[in-house]
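Undergrad: Here is how the chains run, residue by residue.
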Amino acid sequence: MLNQILKFNPKESTMMHIDLNSCFATIEQQANVNLRGKPIAVAAYNSPKGCIVAPSIEAKQYGVKVGMRVMDGKSLCPNLQVLEPDPWKYRNVHLQLRKLFEKYTNDVVPKSIDEFVLNLEGYPAYKRGMVTVGQEMKSRIKAEIGDWLTVNVGIAPNRFLAKTAAGLHKPDGLDEINIYNFEDTYKHLELEDLCGISRNNAVRLNRVGIFTVEEMYKAELWQLKSAFESINGYYWYVRLRG
Amino acid sequence: MIQDIKAPVSVLLSFNHRTRRVTPKALEWDGKRYTVEKVGYHHQYKKGDILHHVFTVASETLSFRLVFNTKSLHWQLEQISDGIPD
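Just so you know, the protein sequences line up as chains V and H, in that order. The letter at position 6 of the first sequence is residue 6 when you use my numbering, and the numbering goes up by one with no holes. The letter at position 51 of the second sequence is residue 51 when you use my numbering, and the numbering goes up by one with no holes.
It cannot be assumed that every hint is accurate.
[To be verified] For lysine to aspartate or glutamate, the following DMTMM-like pairs were computed, each having C-alpha atoms within a straight-line distance of at most 20 Å:
{"no.": "1", "chain 1": "V", "residue 1": "K38", "chain 2": "H", "residue 2": "E60"}
{"no.": "2", "chain 1": "V", "residue 1": "K142", "chain 2": "H", "residue 2": "E37"}
{"no.": "3", "chain 1": "H", "residue 1": "K6", "chain 2": "H", "residue 2": "E78"}
{"no.": "4", "chain 1": "H", "residue 1": "K38", "chain 2": "V", "residue 2": "E144"}
{"no.": "5", "chain 1": "H", "residue 1": "K46", "chain 2": "V", "residue 2": "D86"}
{"no.": "6", "chain 1": "V", "residue 1": "K49", "chain 2": "H", "residue 2": "D86"}
{"no.": "7", "chain 1": "H", "residue 1": "K47", "chain 2": "V", "residue 2": "E84"}
{"no.": "8", "chain 1": "H", "residue 1": "K6", "chain 2": "V", "residue 2": "D86"}
{"no.": "9", "chain 1": "H", "residue 1": "K38", "chain 2": "V", "residue 2": "D147"}
[To be verified] Over the 10 Å line for every Cβ pair with chain H, so calculated as not near, a few chain V residues:
{"no.": "10", "residue": "K7"}
{"no.": "11", "residue": "R69"}
{"no.": "12", "residue": "A125"}
{"no.": "13", "residue": "V131"}
{"no.": "14", "residue": "E183"}
{"no.": "15", "residue": "L189"}
{"no.": "16", "residue": "D193"}
{"no.": "17", "residue": "R207"}
{"no.": "18", "residue": "L221"}
{"no.": "19", "residue": "N232"}
FYI, nobody ran anything at the bench for these hints, they're computed from the structure. Cβ atoms here follow ideal geometry from the backbone N, Cα and C, with glycine treated the same way.
Extracted from the complex, chain H is given alone in its bound form (with noise of 0.2 Å):
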């Protein structure tokens, strides 16, 4: 099932310098901590002037879409699925 949510979230990163690479490493939501297992894909888009990143991350059940406002630098939750049909 997939089910938009449109919350704040809280989103642990991780940038290497060597790769040049941002990845999420955990995210905390609804009282919960749910550890990044994979992150599916990354892409950005813009919104007005202001440009937004998304990572489709996926933890050890649950996928998340976690947009990031460049400009606010905040994190919200737009979207959780589970894979499994309504």
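The following block holds chain V by itself, in its conformation from the complex (with noise of 0.2 Å):
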């Protein structure tokens, strides 16, 4: 019954979810001129066993990833530079991103030390167009933060599929999922590209027949219900329809 009548969200875009691409990394190249444009990871400490916090974008073209030791970093990435955190740094980046966001909208949600979610709805901004925005933030963020600093920009109807559009390019990209575009947005995207479907959740779901994001968008609240065994199904049945 209700599937029948929930169709997805036609309202206009007004949640934008900002990220800012391999955070710790991209801002210590920011402060170090020498190292921009080369394979450099944050890891907690500078030790072969060290865990590697943060590899840059170049690093992880060589395959470095958050979460490696140091040591297996270097053997895939012989040029790798690895540098210790710098919170206060990170800090200062997060402050200056929340104040330049804050002149768009008073809804600024700090998600985590690189992710804000902002709802525009309402705000004279909004009525400029939300990827016009976005665009304008992105430059402000290199002239008036550093020249270095990319972000990431999802535009939707929800947080949730904002975030998963900030995801669709990285790095340094600005999309929209909305009423227009999530159809075939959602055939390119596999089920772990949601952000809360790990792999045991996949599983879940492909007990029930679900093996794509297309499937699980078209399923039926029941079967959604049952993959989850919880109030999970339904919240994911309203996610994927903004």
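Two chains, each in its own frame: build the complex with the hints.
TA: Okay, here's the thing in structure tokens:
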């Protein structure tokens, strides 16, 4: 019954998700000009068994990932330069970003040190168009905070889809998921691309015959309820509908 | 290579009252003078009740991490880097 009533949310996109690409590593490259364009990693300790907390975009191209040990990172990328974290620096960038976003809306929610969710509904900036505002924010970040900093911007009717949109084209992307393009976007996503669907949750969905995001969207509420065996089934049902 | 130094350093600084920007212009360390080509990032932190300003600047070949202690009004060079892997 609910499936027949609940179509994708026709509301205009008002939510914006912004996240800084490879946050700690990019900030280190912003500060130290000589590290720009080079594979670097911020690790808890600069010792072989230290844990990598943030590889740069260049290091990621060599396969260096968050959670790896420094020695494993260096075996993948012998030129990898390892830095220890400088939390004050990252905090300063976070506060500068927050101050900038608060010029557009009072409804700014920091989700982590490098992620923000903005609701522009009812604010003057919204009238200029979400995409225009997103592009303006990206250029203001470069001009006012750091010319090496790039962010992913995701725009959607709800914050979940805004986060999903922010992850579509990394790094330095700007994407929108709305009623006009959601079906096409879902076709190109895998279940584990959705924030909150890990391998175990994907297996739960597979058990009820759901293998793609498109199938997950088209699934009936009872299918999702039986897959998750909790209120999460309902949450996923409405999330994917904006 | 990134090397921790922690040594006193002389810094030439300029303040533009129109843009309200403070910019290190040059530094002198170990008998050599380096002209600052670019300020990568400026941030601040507190250690106890003392505010420190950190400027990460680059000369033609090296990057320097300069820390200004607002209580003693002294500068310290904390780190140099040439961008070449160890």
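Undergrad: Would you mind marking each hint as holding or not holding in the structure?
TA: Status of each hint after checking the structure:
no.	hint	in the structure
1	V:K38 / H:E60	holds (17 Å)
2	V:K142 / H:E37	holds (18 Å)
3	H:K6 / H:E78	holds (4 Å)
4	H:K38 / V:E144	holds (15 Å)
5	H:K46 / V:D86	holds (13 Å)
6	V:K49 / H:D86	holds (17 Å)
7	H:K47 / V:E84	holds (19 Å)
8	H:K6 / V:D86	holds (16 Å)
9	H:K38 / V:D147	holds (11 Å)
10	K7	holds (47 Å)
11	R69	holds (17 Å)
12	A125	holds (25 Å)
13	V131	holds (29 Å)
14	E183	holds (43 Å)
15	L189	holds (35 Å)
16	D193	holds (33 Å)
17	R207	holds (48 Å)
18	L221	holds (49 Å)
19	N232	holds (40 Å)
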